[in-house]
Amino acid sequence: MRRRCGIAVSLWVAVVVAGGGASAAEAFDVVVYGATPGGIAAAVNAARGGLNVALVQEDDHIGGLTSGGLSNPDFRTFECLGGTWREFMHRVERYYGDTYGEDSQQVIDSVRGAYSEPRVARRVFEEMLAETGRVKTMLRHRLIGAQTEPSGEGRTRLVGATFEALPGDLPLTLNAKVFIDATYEGDLIAAAGVETIVGCESKAAYGESLAFDEPNDWVMAYNFRVCLTSDPENRIAIARPDGYDPGRFDLLRDAITAGRVPSLRNPGPTPAVLKVRQIPNDKADFNDDPNGPISMALKNVNHPWPEGDAQTRHRIFDVYKHHTMSLFWFLGNDPALPESFRGEMRRWGLPKDEFIDSDHWSPALYVREGRRMIGRYVFTERDTQPAKDSRRAPVQTDSIAVADYALNSHGVFSPKPGVILGRHGKSVVPYGIPYGVLVPRSVDGLLAPVPLSASRVGYSALRMEPCWTALGQAAGVAAVVAIEERHEVSDVPVATVQDRLWDLGAMTVYISDLAPVSEIQKPAWDPPGTFPAAIHAWPISSPWFKAAQYFGTRGLFADRIDAGDATAQRAVRTTGQWTTGQWTTAFPNHAVGLEHVIEMDLARQWCERAGVSWAESLAPDGRMTRGEFLKGMFERVRR
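Numbering (my numbering), first residue to last: 1346 to 1984.
Source of the hints: derived by calculation from the structure; they are not laboratory data.
Please note that a few of the clues may not be correct.
Here are the simulated PhoX-like cross-link-like pairs (lysine-lysine), alpha carbons at most 25 Å apart as the crow flies [said to hold, decoys possible]:
id: 1; residue 1: Lys1548; residue 2: Lys1761
id: 2; residue 1: Lys1522; residue 2: Lys1481
id: 3; residue 1: Lys1548; residue 2: Lys1697
id: 4; residue 1: Lys1697; residue 2: Lys1666
id: 5; residue 1: Lys1733; residue 2: Lys1761
id: 6; residue 1: Lys1733; residue 2: Lys1666
id: 7; residue 1: Lys1733; residue 2: Lys1548
Cβ-Cβ distance ranges computed for the label pairs, FRET-style [said to hold, decoys possible]:
id: 8; residue 1: Gly1592; residue 2: Asp1904; range: 18 to 28 Å
id: 9; residue 1: Trp1706; residue 2: Ala1732; range: 43 to 53 Å
id: 10; residue 1: Arg1485; residue 2: Ser1575; range: 47 to 57 Å
id: 11; residue 1: Glu1498; residue 2: Arg1983; range: 26 to 36 Å
id: 12; residue 1: Pro1577; residue 2: Gly1552; range: 18 to 28 Å
id: 13; residue 1: Lys1761; residue 2: Leu1947; range: 51 to 61 Å
id: 14; residue 1: Asp1443; residue 2: Glu1830; range: 52 to 62 Å
id: 15; residue 1: His1941; residue 2: Asp1443; range: 32 to 42 Å
id: 16; residue 1: Ala1603; residue 2: Asp1734; range: 46 to 56 Å
id: 17; residue 1: Arg1660; residue 2: Asp1514; range: 19 to 29 Å
id: 18; residue 1: Arg1786; residue 2: Leu1515; range: 14 to 24 Å
C-beta: ideal position from N, C-alpha, C; glycine also.
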């Protein structure tokens, strides 16, 4: 485990020498580094709140993994999704409906907008950014330094970040009131002097069952999420890579020919080489299957990536690309393999209409983890498990997002072939994520929704694009509140942030029978002219949404376990030979039964916990629903 006690270093001298003169400078309200979905969510929400925003990205790519080949996201239930991610899904589905028809196969294959082609995902992200009129997107700008100043009591404040404008232009310094690090690697937090970790803590560090006994420097294996097509008119055949070595796949060849791996692809009941999921327009997302003897992931290769320079990362990128292309060539052409494997693989090729500027190959390696900040709150394994005497996760009163995915690691190290260390999966209950995971301990003016504060085990549950997007939205809204009310983002009133997030359909507590769906709403706090009239906060239908989120986040429903109240939104589709069981029904024991008539005992209990007189709140005719009752309590509390 590499632990860095960051010391902020000003690189002004290096900047002047490298550029041959003084660097240029621009000022913004907010600077976001990393055009990942989390970074886009931060930029869009800050801009919709009236701020001027710079969104800076090292290369030409917008959308991170979501527009880079990861075309079906990881979450467990639809009920955990709200806010900007739901809006993204809504826009994807609408694009397919507008383009191909509401009843088209493309709409069906998008699965409510959760599955998308990379080009469509990027298009949607670009539209969201452009509509604000307040985001300046700056591509091909690589971070080379950060500037801080003392802010009192041993703290510093990040006030500027300097970027090399590729290729070789004068450096550019961006000054801002708030900076947001949305990179997968945590480059900005490291440059700002924030304490970070790379690798795995010991079991003793946080008492986590899935941690190693001793700390180490290993990082979860990466791979590409590859978009391929089976459409002959759009397909570019996989070419034999230079330097192809068939001996690299001896273990896999033996497993296939011996019948231990009978199929090329999953999902399915038998071992396979690849996970393959169909997306619209005869394309598919090809992913690593960690259970195979050799697959798209490589262990023991990517450990230098998080703290590596550009050359190191380019080298590792090329190693993964060569390995993946070699694997595809092997599966389609090795004479020892059954024709069922070779023929199936040869059906697929690179899409002509994807990644046109990078030879139809994704510019985004699947960086599952990089640096992690040591922040005000460290999210750990226990935050995903049921609290004592409850079916729910521990109450997080300062929760600013909800997530629902397993503690999941693809493994970090292979001491010998067939042995993978650090691979795990463990069930969780839906969990809230506290604001403290975004906040550095000693650096002001900075939030980190992607390289956030978590143990390595805890991070394995948070490292999903829907979760990062929810946290990015929270960071953007927090920046608005901080600047409007003149707070440091480290000291922003979280209750105000929560209130605005609920206005946007974002969730801070998981309630399985409270889905944010239906009409579009423009938040009342939005400054005139900054919210695009065309749309587009994710809609909220329930009149009790805000009240239920408010009280649920404060633990009112910790012991409410009516499993039968959960709504079923299982997304199961079967189209020919394709089936996805990726998502499940709403998580049990997390419903509130908002349509049910409120019982006297429950009304009394809720009022006592909320500090409201239950007798004054109960409907005279005894027919008030739980939702109506919560709304009445909410109005009294807010008054």
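Structure-based check of all given hints:
1. Lys1548 - Lys1761: 23 Å, holds
2. Lys1522 - Lys1481: 16 Å, holds
3. Lys1548 - Lys1697: Roughly 48 Å between the alpha carbons, so the hint for Lys1548 and Lys1697 is violated.
4. Lys1697 - Lys1666: 18 Å, holds
5. Lys1733 - Lys1761: 40 Å, violated
6. Lys1733 - Lys1666: 46 Å, violated
7. Lys1733 - Lys1548: 21 Å, holds
8. Gly1592 - Asp1904: 18 to 28 Å: 59 Å, violated
9. Trp1706 - Ala1732: 43 to 53 Å: Holds, since Trp1706 and Ala1732 (Cβ atoms, about 45 Å apart) stay within the stated range.
10. Arg1485 - Ser1575: 47 to 57 Å: 33 Å, violated
11. Glu1498 - Arg1983: 26 to 36 Å: 34 Å, holds
12. Pro1577 - Gly1552: 18 to 28 Å: 56 Å, violated
13. Lys1761 - Leu1947: 51 to 61 Å: 58 Å, holds
14. Asp1443 - Glu1830: 52 to 62 Å: Distance hint for Asp1443, Glu1830 is violated at roughly 40 Å.
15. His1941 - Asp1443: 32 to 42 Å: The hint (32 to 42 Å, Cβ to Cβ) holds, given that His1941 and Asp1443 are roughly 39 Å apart.
16. Ala1603 - Asp1734: 46 to 56 Å: 51 Å, holds
17. Arg1660 - Asp1514: 19 to 29 Å: 24 Å, holds
18. Arg1786 - Leu1515: 14 to 24 Å: Roughly 34 Å apart at Cβ, these two residues miss the hinted range, so it is violated.
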